[in-house]
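Starting from the structure of chain A, add chain B where the hints point.
Take a look at the letters that make up each chain.
Protein chains: 2
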Amino acid sequence: MAIKTDAPSERTRVKRGFKRAKYDRQTVCDILDAVPMCNVAFVLDGMPVVTPTSHWREGDHVYWHGSTKSRLIKKCAGKEVCLSVSLLDGMVMGRSAMNHSANYRSVMLFGKASLIKDRDEKREKLKGMIETLFPGRWDMLRPITDKELKATAVLCLPVDEASAKIRTGFPVDDEEDYALPIWGGVLPISMQMGAPIDDPRNLEGVEMPPALLNFKIG
Amino acid sequence: MAIKTDAPSERTRVKRGFKRAKYDRQTVCDILDAVPMCNVAFVLDGMPVVTPTSHWREGDHVYWHGSTKSRLIKKCAGKEVCLSVSLLDGMVMGRSAMNHSANYRSVMLFGKASLIKDRDEKREKLKGMIETLFPGRWDMLRPITDKELKATAVLCLPVDEASAKIRTGFPVDDEEDYALPIWGGVLPISMQMGAPIDDPRNLEGVEMPPALLNFKIG
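Chains A and B are the protein sequences, given in the same order.
In terms of the numbering used here, the first sequence has 105 at position 105, counting the first letter as 1, and numbering is strictly consecutive.
In terms of the numbering used here, the second sequence has 115 at position 115, counting the first letter as 1, and numbering is strictly consecutive.
So here's chain A without its partners, still in its complex pose (with noise of 0.2 Å):
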């Protein structure tokens, strides 16, 4: 049975649920922009294993680093993984358990991670780290040096299989159990950023660069 789909590969086609799927590539980066953390899953000795790691985009790609010898790296690099980014946005309350919800944002990204082997982009693409995050932090920081460079890898995937869900709004009760004296609602979640902390060993007057309060989370 061919269903109508935007899907770019059948492995990203979202089955259960399907009205709540997008594929555009809009709808996929704002979530995978919303924040900083994803899950990424990889078969390890034919067994399911999945990781949280900090991930940014910059453009068509989804990138993550870490030490040369950790295993998220090295068993991922040049690997089909599962990249999972997902945003809980509140509990949908309806007039049954099973009518019970959540609105989220999320993103499955499928693909080959390729490892990043020149040093010099190796260079640009840990500057765009920090940039992607907090725009402006990269000169304002000791200079990366050689050795920290050599000790870590970056991990690259491309934003090409992938898909969005989205649940927003109300619960979604059987017709009749509206007119059931049961309270329905969403109680909102989001994240939210708190005031910096200033590290105790800040040197006397260095003051916080007003541009990190730009960050964005959630």
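Treat the hints with caution; some may be incorrect.
[To be verified] Here are some chain A residues the structure puts well away from chain B; computed CB gaps all over 12 Å: (1) TYR23; (2) THR27; (3) ASP30; (4) ASN39; (5) ARG57; (6) GLU58; (7) GLU121; (8) ASP160; (9) LYS165.
[Stated by the list, open to error] Restricting the straight-line Cα-Cα distance to at most 27 Å, the calculated cross-link-like pairs of lysine-lysine (DSSO-like) are: (10) A:LYS19 to B:LYS69; (11) B:LYS69 to B:LYS15; (12) B:LYS15 to A:LYS117; (13) A:LYS74 to B:LYS79; (14) B:LYS112 to A:LYS74; (15) B:LYS117 to A:LYS15; (16) B:LYS15 to A:LYS112; (17) A:LYS79 to B:LYS74; (18) A:LYS15 to B:LYS75; (19) B:LYS69 to A:LYS22; (20) A:LYS147 to A:LYS122; (21) A:LYS69 to B:LYS22.
By construction, these hints were calculated from the structure, which means they are not laboratory data.
Computed from a predicted model, the values in this text were never measured in an experiment.
The beta carbon of each residue, even a glycine, is placed where N, CA and C say it ideally should be.
Quick look at chain B alone, frame taken from chain A:
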């Protein structure tokens, strides 16, 4: 090389950043309970797949549910999975790019997911889902029907092969970098519940049960 560890199994043992690792039941459960959203990884035709879903914990088991037709249910039942719960608690800003980090809490849980087959047990578990998240709500709801029960599957994973990883606090910079006039610190991040929103289809006079405000997130 044998490393002294409390890890319940080799695949559970945290290798990188092992000083951040914890294996005690209380720490693991506190993180599992902190947010009702996890990512479940499984292997499908040799490829990794990871899907976000709602979960809850009762005692020594984590549960999630879904349509009996959902891929996450069908492909995980009786299979090895890896379940991840991760919370981003802050952005950690050091004096150099590579000493930027994140504060977080995460749990990785390995094991074989099993289907709750007995119908009465399944009903009890679904009640447990509602009561874990919203104590007292089950009895306020339109009772679950046999049809709903039949269409819903519950999967179960023992909290057994689990590891937690936690990072808190300030950047850990290279000792000589503390002498630099660069701001270091933390941007705290937290999940917050907003004011509940009434479903516009609530009957007149139906008020939100105040106990729902006991819902805890983060």
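The hints, checked one at a time:
1. For TYR23 of chain A, the condition that its CB be more than 12 Å from all CB atoms of chain B holds, with the nearest at approximately 17 Å.
2. No Cβ of chain B approaches the Cβ of THR27 of chain A within 12 Å, the least distance being about 16 Å, so the stated non-interface status holds.
3. Look at ASP30 of chain A: its CB is around 16 Å from the nearest CB on chain B, clear of 12 Å, so calling it non-interface holds up.
4. Chain B draws ASN39 of chain A into its interface by the beta-carbon criterion, the shortest separation being 4 Å against a cut-off of 12 Å.
5. Distance check on ARG57 of chain A: its Cβ is at least 16 Å (rounded) from any Cβ of chain B, clearing the 12 Å threshold; non-interface status holds.
6. With a minimum CB-CB distance of about 15 Å to chain B, GLU58 of chain A clears the 12 Å threshold, and the non-interface call stands.
7. No beta-carbon of chain B comes within 12 Å of the beta-carbon of GLU121 of chain A; the shortest separation is about 15 Å.
8. Interface exclusion of ASP160 of chain A from chain B stands, the closest Cβ pair being 15 Å apart, more than 12 Å.
9. Not every CB of chain B is more than 12 Å from the CB of LYS165 of chain A (nearest about 8 Å), against its label as outside the interface.
10. About 16 Å separates the Cα atoms of LYS19 of chain A and LYS69 of chain B, which keeps this hinted pair within 27 Å; it holds.
11. Pair hint LYS69 of chain B plus LYS15 of chain B does not hold up; C-alpha atoms about 37 Å apart against a cutoff of 27 Å.
12. Between LYS15 of chain B and LYS117 of chain A the alpha-carbon distance is near 24 Å, which keeps this suggested pair within the 27 Å criterion.
13. For the suggested pair LYS74 of chain A and LYS79 of chain B, the alpha carbons sit about 25 Å apart, so the restraint of at most 27 Å is met.
14. Between LYS112 of chain B and LYS74 of chain A the alpha-carbon distance is near 25 Å, which keeps this suggested pair within the 27 Å criterion.
15. Between LYS117 of chain B and LYS15 of chain A the CA atoms are separated by roughly 24 Å; this keeps the pair inside 27 Å, and the hint holds.
16. The straight-line distance between the Cα atoms of LYS15 of chain B and LYS112 of chain A is roughly 24 Å, inside the 27 Å bound, and the hint therefore holds.
17. About 25 Å separates the Cα atoms of LYS79 of chain A and LYS74 of chain B, which keeps this hinted pair within 27 Å; it holds.
18. Simply put, LYS15 of chain A and LYS75 of chain B have alpha-carbon atoms about 13 Å apart, close enough for the 27 Å limit, and the pair holds.
19. Distance hint between LYS69 of chain B and LYS22 of chain A is fulfilled; the C-alpha atoms sit about 21 Å from each other, no more than 27 Å.
20. Between LYS147 of chain A and LYS122 of chain A the CA atoms are separated by roughly 13 Å; this keeps the pair inside 27 Å, and the hint holds.
21. With a C-alpha separation of about 21 Å, the suggested pairing of LYS69 of chain A with LYS22 of chain B holds against the 27 Å cut-off.
In the structure shown, a violation is registered for the earlier hints numbered 4, 9 and 11, in ascending order.
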